[in-house]
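Go ahead and model the full structure; you've got the sequences and the hints to work with.
Listed below are the residues making up each chain.
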Amino acid sequence: IACLVMYLFAEFDDAANLLAANPDATTISIDEPVEIPKNQHSRLPEPGREEDDELLGTDDSDKTELLAGQKKSAPFWTFEYYQTFFDVDTYQVLDRIKGSVFPVPGKNFVRLYIRSNPDLYGPFWICATLVFTIAVSGNLSNFFIHLGKPTYHYVPEFRKVSIAATTIYAYAWLVPLALWGFLMWRNSKVMNIVSYSFLEIVCVYGYSLFIYIPTAILWIIPQNVVRWVLVVFSLCLSGSVLVMTFWPAVRDDNRRIAVATVATILLLHALLAVGCLAYFFDAPELDVPAPVIPAHNGTTVITKSH
Amino acid sequence: FPGLADVSISQDIPVEGEITVPVGSHSPDEDYSTLDEPVKDTIMRDLKAVGKKFIHVMYPRKSSALLRDWDLWGPLVLCVSLALMLQGGSADSKDDGGPQFAEVFVIIWFGAVVITLNSKLLGGTISFFQSLCVLGYCVMPLTVAMLVCRLVLLAGVGTVSFIIRLIVVGAMFGWSTLASTAFLADSQPPNRKALVVYPIFLFYFVISWMILTFTPQ
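Just so you know, the sequences run in chain order P and V. The opening position of the first sequence corresponds to residue 1 in full-length UniProt numbering, with each subsequent residue numbered one higher. The opening position of the second sequence corresponds to residue 1 in full-length UniProt numbering, with each subsequent residue numbered one higher.
Please keep in mind that the hints were generated in silico from the structure rather than gathered at the bench. No residue lacks a Cβ here, since even glycine has one placed at the ideal position from N, Cα and C. You may find that some hints are simply not true.
Claimed, not checked - Listed next, with one range per pair, are the computed distances between beta-carbon atoms:
(1) V106(V) with V259(P): 36 to 46 Å
(2) F201(V) with W77(P): 26 to 36 Å
(3) L218(P) with N191(V): 46 to 56 Å
(4) G88(V) with L147(P): 20 to 30 Å
(5) V225(P) with K193(V): 54 to 64 Å
(6) T264(P) with A171(V): 21 to 31 Å
Unchecked claim - Here are some, though not all, of the chain P residues that point toward chain V, as calculated from beta-carbon distances under 7 Å:
(7) Q83
(8) F86
(9) T90
(10) G148
Claimed, not checked - Mimicking DSS-like on lysine-lysine, the simulated pairs with C-alpha atoms at most 30 Å apart in a straight line are:
(11) K120(V) with K40(V)
(12) K40(V) with K98(P)
(13) K189(P) with K107(P)
(14) K193(V) with K98(P)
(15) K52(V) with K120(V)
(16) K52(V) with K40(V)
Set out below in structure tokens:
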């Protein structure tokens, strides 16, 4: 069995090296990851193999792979069907969040963390948390910015919660839908190596939004420089997760279409961040006595003072 | 029956006795026939059940009474009173005020339904209405906090009043979360407890935020 293990690892190592060396080579990869026997620990750790080890993940995700063929067999009108989308444990969700915040260059989020077990728990609750974080942080930030002005009367701005919810949930569900449809269409024209299911795309988008939660909390700081630095930083992190996920899926296509697709993904992501910053957070004012304006925050036109 | 051929029963000995099946001292009908009782009894019975659950929430202990005999009267009363108390906020502009009555109502019920669905999808063994019942009853500390906040706001709006309200709401938020977790955590698979507790935390946090940011006109 040790020989079998060594042989399989040798194959995988070669394939990984080939792909790294020659990214334009047409390779056919089966959607299900390679099933490695559970006794990974019996092999000697070699420096060259560390890459494989990280790529393959932990033992428990192997178990998930082996069971992957048995999932989703219930008809869609039963409750059990939807339970298959919540088949994650706490540590798996935490791992996925960690993977979205610390993207490892070269590793594909879907292959590494999702591994044929996309879940809806992460996307749904990360979006819910983000909605309330943005609304609450925006409210707090406006409160601190306008504090001390004699005409300011604090309002909870509850309307903004529903607006935030609509925006973020629409982004997290419609953009993956559009992207999935686009990839399916291109797949029918170009024999593509990597294709993702709709749920995997939703999963990637949902987890990539996680970085915006601490960002939104830090946006309370009423300094423009700080806010824009945060925007760029979080955009880099979550954008890189998305790019590394979707670049392998489009790179075999026409070069211009591939670049355009990835650029659109990044552009929409940036638009979401900037839009949230602009709408929910009032611009921090300079030290000039502001004219007497009642603080109807929702209808104030936000002008960037930079 | 060949084996019994040689068994003979004397025909002089009468066979007699009683065949009775021991039954309970009351028939099942008498338990559930509540049609004839006075209305006061009916109402008091339900009120006592609701009251007992309130006490369970105030002193959260692991008890199955809350779970077994669920009812939604308590959550309804709490939700309506909380939504009513959250009225009268800044109503000068239609936008950007506090939550409307319908919004509070929807948030509480829809939030509770979503959390229940979430826990069931993750493999929880609690039934739908039991979970709704627990989540609804555990809103009680927050309703008390709202009451206290309104009273404090009558005294004045300032930093001191804000700090008092912050402490009260924070404490009640912690109480609510702990109480509902105490009741619901056991019915979850062990390696997913945190996944189930977090939405409950978020739910009560949102309600606490609504209470804390309530400003009278």
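For K40(V) and K98(P), compute the direct alpha-carbon distance and say whether it is at most 30 Å. violated, 59 Å
Using the C-beta atoms of T264(P) and A171(V), is the stated range 21 to 31 Å upheld? Violated, at about 48 Å.
Hinted pair, alpha-carbon criterion (30 Å max): K52(V), K120(V). Please report holds or violated. Holds, at roughly 26 Å.
Confirm or reject the claim that V106(V) and V259(P) have a C-beta distance inside 36 to 46 Å. Since the Cβ atoms of V106(V) and V259(P) sit about 44 Å apart, the hinted range of 36 to 46 Å holds.
Between F201(V) and W77(P), is the Cβ distance one that fits in 26 to 36 Å? Check passed, 32 Å falls within 26 to 36 Å.
Can you confirm whether the C-alpha distance between K52(V) and K40(V) stays at or below 30 Å? Since the Cα atoms of K52(V) and K40(V) sit roughly 18 Å apart, the hinted pair holds (cutoff 30 Å).
Range hint compliance [Cβ, V225(P) to K193(V), 54 to 64 Å]: Cβ of V225(P) to Cβ of K193(V): about 42 Å, so the range 54 to 64 Å is violated.
Could you tell me whether the CB distance from L218(P) to N191(V) stays inside 46 to 56 Å? About 32 Å separates the Cβ atoms of L218(P) and N191(V), which means 46 to 56 Å is violated.
Would the pair K193(V) and K98(P) pass a check requiring their Cα atoms to be no farther apart than 30 Å? Answer holds: K193(V) to K98(P) is near 19 Å, not above 30 Å.
Run the distance test for K189(P) versus K107(P): straight-line Cα separation, threshold 30 Å. holds, 27 Å
Would the stated hint for G148(P) survive a check requiring a Cβ distance to chain V of less than 7 Å? Where the cut-off is 7 Å and the nearest Cβ of chain V is about 12 Å from G148(P), the hint is violated.
Checking hints one by one. Is T90(P) an interface residue toward chain V, by the C-beta closer than 7 Å rule? holds, 5 Å
Figure legend: structure checked against the earlier numbered hints; hints not met, in rising order: 3, 5, 6, 10, 11, 12.
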